[in-house]
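Top line first, the protein sequences correspond to chains X and H.
To convert, note that position 177 of the first sequence is 182 in this note's numbering; the numbers rise steadily by one, no gaps.
To convert, note that position 414 of the second sequence is 416 in this note's numbering; the numbers rise steadily by one, no gaps.
Keep in mind that the hints are not guaranteed to be accurate.
[Unchecked claim] Computed list of lysine-lysine pairs in PhoX-like fashion (alpha-carbon distance at most 25 Å, straight line): (1) X:K49 with H:K7; (2) H:K532 with H:K508; (3) H:K34 with X:K242; (4) X:K49 with H:K277; (5) H:K275 with X:K48; (6) H:K233 with H:K280; (7) H:K277 with H:K265; (8) X:K197 with H:K7; (9) H:K179 with H:K140; (10) X:K49 with H:K267; (11) X:K197 with H:K85; (12) H:K280 with X:K49; (13) X:K49 with H:K265; (14) H:K424 with H:K460; (15) X:K242 with H:K43; (16) X:K197 with H:K275.
[What the hints assert, rightly or not] What follows is a set of in silico ranges between Cβ atoms, one per label pair, in the way DEER data are often shown: (17) X:N230 with H:K34: 44 to 52 Å; (18) H:R334 with X:N200: 45 to 53 Å; (19) H:E218 with X:N200: 32 to 40 Å.
Since the hints were derived computationally from the structure, they do not count as laboratory data.
Think of the CB as a built atom: it goes at the ideal place given N, C-alpha and C, for glycine as much as any other residue.
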Amino acid sequence: MDRLDMLEAESIYILREAYKSFGKLGMLWSVGKDSTVMLWLAKKAFFGHCPFPFIHIDTTYKIPEMIRFRDKIAKEYNLDLIVYTNWDAINNGMGPEKGRLVCCKALKTDALQHVIDKYKFEGLIVGVRRDEEGSRSKERIFSERNKESEWNYTNQPPELWDQFKTDFPKGNHIRVHPILNWTELDIWQYIKRENIPVVDLYFAKNGKRYRSLGCAQCTGQVDSNASTVDEIIEELKHTNINERAGRAQDREDAYAMQKLRKDGYM
Amino acid sequence: MVESKEIFKIVVVGHVDHGKSTVIGRLLYDTKSLPEGAIEKVKRISKETGKPFEYAYLLDAFEEEQKQGITIDTTQIQFHTKKRDYVIIDAPGHVEFLKNMISGAANAEAALLVIDANEGVREQSKRHGYILSLLGIKKVYVLVNKMDLIDYSEEKFLDVKSDMDIFLKSINVFPQKYIPVSAFHGENIALSSEKMPWYKGDTVLDALDIFEKDKEITDKPLRLPIQDVYKFDNRRIIAGRIESGVLNVGDEIVIYPSKRTSKIKSIEYWQEKDKTTKAEAGMSVGITLFDEFFYKRGEFITRKDDEAPLVGDTFKANIFWMSENRLIVNKRYKLKLVTQETECEIAAINKVIDASTLFSNDDAKEVNTNEVAEVVIKTKDKICFDEFRNNHVTGRFVIVDGYDISGGGIINGLEILDAANKFIKGNVELPITCFDEYYYLIPSNEIKKVAVERKSYKIGDRLPINGDTYYYPDNFDVVDLNNELSALIRDGRLVDLINLNEYEYKGYPVYSSDGFLANVKNQDDFINFKNDFKKSKYGLVDFANKWYDPMANKRIVYKAV
Chain X
6 MDRLDMLEAE
16 SIYILREAYK
26 SFGKLGMLWS
36 VGKDSTVMLW
46 LAKKAFFGHC
56 PFPFIHIDTT
66 YKIPEMIRFR
76 DKIAKEYNLD
86 LIVYTNWDAI
96 NNGMGPEKGR
106 LVCCKALKTD
116 ALQHVIDKYK
126 FEGLIVGVRR
136 DEEGSRSKER
146 IFSERNKESE
156 WNYTNQPPEL
166 WDQFKTDFPK
176 GNHIRVHPIL
186 NWTELDIWQY
196 IKRENIPVVD
206 LYFAKNGKRY
216 RSLGCAQCTG
226 QVDSNASTVD
236 EIIEELKHTN
246 INERAGRAQD
256 REDAYAMQKL
266 RKDGYM
Chain H
3 MVESKEIFKI
13 VVVGHVDHGK
23 STVIGRLLYD
33 TKSLPEGAIE
43 KVKRISKETG
53 KPFEYAYLLD
63 AFEEEQKQGI
73 TIDTTQIQFH
83 TKKRDYVIID
93 APGHVEFLKN
103 MISGAANAEA
113 ALLVIDANEG
123 VREQSKRHGY
133 ILSLLGIKKV
143 YVLVNKMDLI
153 DYSEEKFLDV
163 KSDMDIFLKS
173 INVFPQKYIP
183 VSAFHGENIA
193 LSSEKMPWYK
203 GDTVLDALDI
213 FEKDKEITDK
223 PLRLPIQDVY
233 KFDNRRIIAG
243 RIESGVLNVG
253 DEIVIYPSKR
263 TSKIKSIEYW
273 QEKDKTTKAE
283 AGMSVGITLF
293 DEFFYKRGEF
303 ITRKDDEAPL
313 VGDTFKANIF
323 WMSENRLIVN
333 KRYKLKLVTQ
343 ETECEIAAIN
353 KVIDASTLFS
363 NDDAKEVNTN
373 EVAEVVIKTK
383 DKICFDEFRN
393 NHVTGRFVIV
403 DGYDISGGGI
413 INGLEILDAA
423 NKFIKGNVEL
433 PITCFDEYYY
443 LIPSNEIKKV
453 AVERKSYKIG
463 DRLPINGDTY
473 YYPDNFDVVD
483 LNNELSALIR
493 DGRLVDLINL
503 NEYEYKGYPV
513 YSSDGFLANV
523 KNQDDFINFK
533 NDFKKSKYGL
543 VDFANKWYDP
553 MANKRIVYKA
563 V
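Sequences and hints are given; from them, build the entire structure.
Pasting the structure below:
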C-alpha cells in the first residue's frame, strides 16, 4: 500500500467508526477541496451511500461559485443537505467590518452551535488537517466538545491504537477528524487519482487562484498559473507559502485560530 | 500515475528539556521542510516572550506551550527524503503529560530517544524507554544531544551511552545506534559534524533511512475484525479493516468466537476502478459471504487454513495506567480490543512496576497514575485476541474508566484463573469460595461476592474462619458433591481432605465449598443429600433451595467501590 492507500484506508476506518458510534451524526461540508474529498471518502466507506446529513454553514458572504457548486453536487449525489445561516446575526448587521473574529464567531461558530442544538448532533465530521495551522496540528481524531462546543485543549484524553473517544456526557459532542493526517498535497494527489470534481475557484485565472476557500471578503488569492490539478500538484511541491496565507482571520492575532477553535470553530 | 511513497512514523521521546522538539525543528530546518515565514514567526515569538530562539516553537503551537516553553500535547509533522515520507511525532517530556506522550508514541513504528549529554540519563529517559518497550517499538536510536555543552567529548558520550544501555538492556530494548548530536547547532543532524571527528557513524537524517519497515504483517494469519454490517441496498456488506494477513474471493473462512464457517463471495466497491478479488492487511474493505447468518461487530473473520485466534475471558496482560483515578480490583471497566467492546474487571494485580526505577511491588493492591503493572483481566464476554508478541494489533487493548481511555495494555497470554482459593493435600485439590466476602457495593448498588485473597491451604494450615461477612464454627466439614471431595476442619485448621466415598457424617455441620450450610443432621440426611444431588444434576436450583441455607452464617456489609 502506498501513502494515499494508507491515508484512504485510515479515513474510511474513522468514518465507519463514527457512523457506528453516534446515533446523530452529520458531516460539515464547506464545499472546499478538503470536505469535498471527505464526501468522496464517505461514498467509498459506505459503498456509494451517504448515510448521514451534510451540513453547510452559509455565512451569506461565500463566493457565489461555491454555492452553485454546492447545489450541483448535492443534487448529483442526492445528499441530505442541511443549509443553515445565522439570520438573526445577519439581520442585525453582522459582517466582516464588525471585526473579522467577531464575524467568524457569529456566522460560523454560533451558527454551527444552533445546528448542533437543533438537530442534537452527537458526532460532527469535520475536514480539518494537521498541516493547516498549529491548533489543528494538536488535535485528536475524536475530539470532545462540551455543551457550548468548547474545546479543553490543554487536557485532552489519551487516544491510541485507533481506539477513539466514544463515551461522553449527554449534551456534549465529538468532532470527528477523518483527514487530520492528510497534507494539502495529499488532498490534491487524491483528487487527481480519484478524479474528484472540485469547485473551479482553485484553478488559476489571469495569474491568480484560491488555495483555501472561505468568505469572499476575507479570502485572498495567491499568484499562480496552475490551472489544472497536475499544475497545482507541481506548484505545491515547490512552494513554501502557507496554505492559509490568504485567510485574513488567521492573521488577526498570533493565536487567532486557537482562540476561535477553543470556542467551537471548525 | 500519482507518485506516492511509503510513510514511516517516528516518535521523538526523552526527558523534559533534553531537546526533543529542537531535534525535530532542526531536522525540518536543515531539510528545508518549513513553510516560508515559519522561522520568522518563531523569532517574533522569542522576542515577544523575551526568551531565546527555540526551534521547538515550530511544533509547540499552543499559546500556553510557547509562553511556558513546554510541550503539552503531541503533534505530528511531515518531511521527506528521497527514500520515503516521514511523519515525525513530537511527544511531551513532562511526567504530567505522559498520557499525551503515549498517545503520540502509540502510533509510531520507530523512536528517537533524546538524552542530554550534560544531564545524562534522567527519570523520563528511562520511563519513556520502558513505554517504548511496552508499546512494542523495537526500532530505536538514542540521540545524545547538547554535545556542545560537554565540548564534544567522546569520553562523556560513551559514559551516557553505557548508562542508558544498561537500563535499556534490562527491559529488552536494544538501540540500533547511539548518535552524538547538537540539535541547536545542527551537528550530526543533517550534516556530519566536524567538531566530532571521532564519530564515524551516520547523521540522524541518514540513519532514518536505514530504519526498515515491518513487512511481515501480510504474512501473518488473517484477522478481519468486523467493524459494522451494512444493508444500504440489496447487498449485506461486512465492513472492517484487515489487521493482518490477506483474503481472496473464494477463501473459506471461520468466524470467531462462534466458529461458524462460510466462503467469501465478493469484495465490494463503489468505484469501478476499485474492483478486486484480493485484499491485504491495512485495507478497509467490505465483503459479502455465501452464508447469511447473523454476524456482529467485534467478531474476527479468519481463514480456515490460518492459525486460529485465542478465545477466552481471562488473560494476563501488561498495562500502563494514565488516569488520575487509580486502577483497582473488582471494579467494572470497559475494555476495547480492535472492534470488540466488553465489560471487564481486574481479577488480580500480580506486580506494579515503577517504570523509571524498575522497582517492583508484588503486594500492590492498586495501580496509580503512570505506573505499569502485570495484571490478570477477566472480561464479561468471551473475546478473540492474539498474544501481543504474535500480533500487535489484535494483542493490545485499552481500558475505559468513566468517559476516558485510562489505560492501555498488551496481552501476554490466556490465563486459566484458579477458580478461587484451594484446599490441597498432595496432588488432590479442592477449589473453594467459602471464604469469599459478600458486599453491597456503593454507588453501584449491587451485591457482589469477592475473593479477598487468593490462597491455597495445606493440611495443618489455619483457616480464615471469621471474615467481614461470614463466620464458621471451629469444627466443620466441607462437602463438595460435584468434585466428590470432603475437607475436615478442626480447631480452625484444615486436618484432612478425603474422597467423598470415604466420608462419614460425624455430627459436625456440613457446608458446601461455596460456604452454604447444608440441612444435614444425621447420616440418613447425608445419604439423601448425596442421592438428591445425583438425581438433580440438571436442576441444581431446586436442589440448592431444598438443602442449603445461604444466609445461615453470613451477613451483607456495605462497601464503597
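Consistency of the hints with the structure:
For the given pair, K49 of chain X sits about 22 Å from K7 of chain H by alpha-carbon distance, which is consistent with the 25 Å threshold. This hinted pair checks out: K532 of chain H and K508 of chain H have alpha carbons roughly 16 Å apart, not beyond 25 Å. Pair hint K34 of chain H plus K242 of chain X holds up; C-alpha atoms about 12 Å apart against a cutoff of 25 Å. Restraint check for K49 of chain X and K277 of chain H: the C-alpha separation of about 12 Å stays at or below 25 Å, so the hint holds.
Pair hint K275 of chain H plus K48 of chain X holds up; C-alpha atoms about 14 Å apart against a cutoff of 25 Å. Restraint check: the Cα-Cα separation between K233 of chain H and K280 of chain H comes to about 22 Å, which is no more than 25 Å; the hinted pair holds. For the proposed pair K277 of chain H and K265 of chain H, the alpha carbon gap of about 18 Å is at most 25 Å, so the pair holds. A threshold of 25 Å between alpha carbons decides the hint, and for K197 of chain X with K7 of chain H the separation of about 16 Å falls inside it, so the pair holds.
For a cut-off of 25 Å, the pair hint linking K179 of chain H to K140 of chain H stands: about 12 Å separates their Cα positions. Distance check on the hinted pair: K49 of chain X and K267 of chain H sit about 19 Å apart at the alpha-carbon level, within 25 Å; holds. Between the alpha carbons of K197 of chain X and K85 of chain H the distance comes to roughly 23 Å, so the proposed pair stays at or under 25 Å and holds. Taking the CA atoms of K280 of chain H and K49 of chain X, the gap is about 17 Å. The hint holds against a cut of 25 Å.
Distance restraint check for K49 of chain X and K265 of chain H: the Cα-Cα separation of roughly 24 Å lies within the 25 Å cut-off, and the hinted pair is therefore satisfied. Simply put, K424 of chain H and K460 of chain H have alpha-carbon atoms about 9 Å apart, close enough for the 25 Å limit, and the pair holds. The hinted pair formed by K242 of chain X and K43 of chain H meets the criterion: a straight-line CA distance of about 22 Å does not exceed 25 Å. Proposed proximity of K197 of chain X and K275 of chain H is supported: the alpha carbons are some 14 Å apart, at most 25 Å.
Look at N230 of chain X against K34 of chain H: about 23 Å separates their beta carbons, and that is not inside 44 to 52 Å. A C-beta distance of roughly 50 Å is found between R334 of chain H and N200 of chain X, which places it inside the suggested range of 45 to 53 Å. Checked against the given bound of 32 to 40 Å, the beta carbons of E218 of chain H and N200 of chain X, roughly 34 Å apart, stay inside it.
Checked against the numbered hints given earlier, the structure breaks only hint 17 and satisfies all the rest.
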